[in-house]
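Asks: If you want the building blocks of each chain, they are given just below.
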Amino acid sequence: DSGVTQTPKHLITATGQRVTLRCSPRSGDLSVYWYQQSLDQGLQFLIHYYNGEERAKGNILERFSAQQFPDLHSELNLSSLELGDSALYFCASSVVGGGIYEQYFGPGTRLTVT
Amino acid sequence: AQSVTQLDSHVSVSEGTPVLLRCNYSSSYSPSLFWYVQHPNKGLQLLLKYTSAATLVKGINGFEAEFKKSETSFHLTKPSAHMSDAAEYFCVVSDDRQFYFGTGTSLTVIP
Numbered sequence: 001d002s003g004v005t006q007t008p009k010h011l012i013t014a015t016g017q018r019v020t021l022r023c024s025p026r027s028g029d030l031s032v033y034w035y036q037q038s039l040d041q042g043l044q045f046l047i048h049y050y051n052g053e054e055r056a057k058g059n060i061l062e063r064f065s066a067q068q069f070p071d072l073h074s075e076l077n078l079s080s081l082e083l084g085d086s087a088l089y090f091c092a093s094s095v096v097g098g099g100i101y102e103q104y105f106g107p108g109t110r111l112t113v114t
Numbered sequence: 115a116q117s118v119t120q121l122d123s124h125v126s127v128s129e130g131t132p133v134l135l136r137c138n139y140s141s142s143y144s145p146s147l148f149w150y151v152q153h154p155n156k157g158l159q160l161l162l163k164y165t166s167a168a169t170l171v172k173g174i175n176g177f178e179a180e181f182k183k184s185e186t187s188f189h190l191t192k193p194s195a196h197m198s199d200a201a202e203y204f205c206v207v208s209d210d211r212q213f214y215f216g217t218g219t220s221l222t223v224i225p
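Which chain is which? The protein sequence lines are A and R, in order.
For the first sequence, counting from 1, position 43 maps to 43 in the working numbering; every step adds exactly one.
When you read off a place in the second sequence, starting at 1, and then add 114, the result is the number in the working numbering.
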């Protein structure tokens with residue numbers, strides 16, 4: 001158990017809908033990262049938050065947004081969902097942002113868009 | 115800019131034989147490097163990390179990796195493969211904002 005929790009574990013929804021994925025980092029970790037993993041695109045970095053502030057953006061679509069709250073948990077919002085958004089979404093946390101500090105990954109949320 | 119290249123998308127070994135998963139990195143300064151393992155339908159787990167201390171890094175489950183600056187490589191090895199080693203392996207380099215993942219190497223272990 002990495003100490004990073006993600007809810008829900010599975011999510012099935014229809015095209016055009018909006019969902020929210022939630023992540024709670026390990027105790028004491030200030031950084032939260034979001035990743036998308038699909039068979040055709042592999043593991044894609046979406047966004048990084050450090051202590052409530054956006055730190056780095058990756059291949060995140062405009063339909064997607066994220067935030068990190070004062071208690072350091074984070075939410076990833078996916079809207080106007082398309083079939084191609086079906087994927088595993090991982091959250092990871094680290095003490096600070098990158099450098100020598102490793103990331104710890106949650107178990108993921110599997111999103112299925114029908 | 116940081117990047118990693120995993121030289122093999124698939125590696126197949128027999129149980130009990132050595133494992134070699136190859137990774138080359140590109141970094142504008144002294145890098146921090148990591149190997150992660152992902153078993154099917156699971157999250158990623160840290161195997162080991164290099165942070166400019168010893169160049170030979172020992173990790174969990176008998177894996178180790180050697181940092182070679184002259185070759186810009188960080189290859190992952192294990193002397194004897196076990197069936198439970200079958201998984202996807204990711205080489206990662208980091209800067210202070212982001213982690214840069216390789217495309218992964220799928221390891222198959224043949225009984």
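These are calculated hints, taken from the structure and not from any lab test.
Cβ atoms here follow ideal geometry from the backbone N, Cα and C, with glycine treated the same way.
Don't take every hint at face value.
[Claimed, not checked] Computed from the model, here is a short list of chain R residues facing chain A with C-beta under 7 Å:
#1 T165
#2 S194
#3 M197
[To be verified] If you want the footprint, here are the derived chain A segments under chain R, 3+ residues with CB under 8 Å:
#4 75-81
#5 101-109
Asks: Could you tell me which of the hints above the structure violates, numbers in ascending order?
Replies: 2, 3, 4
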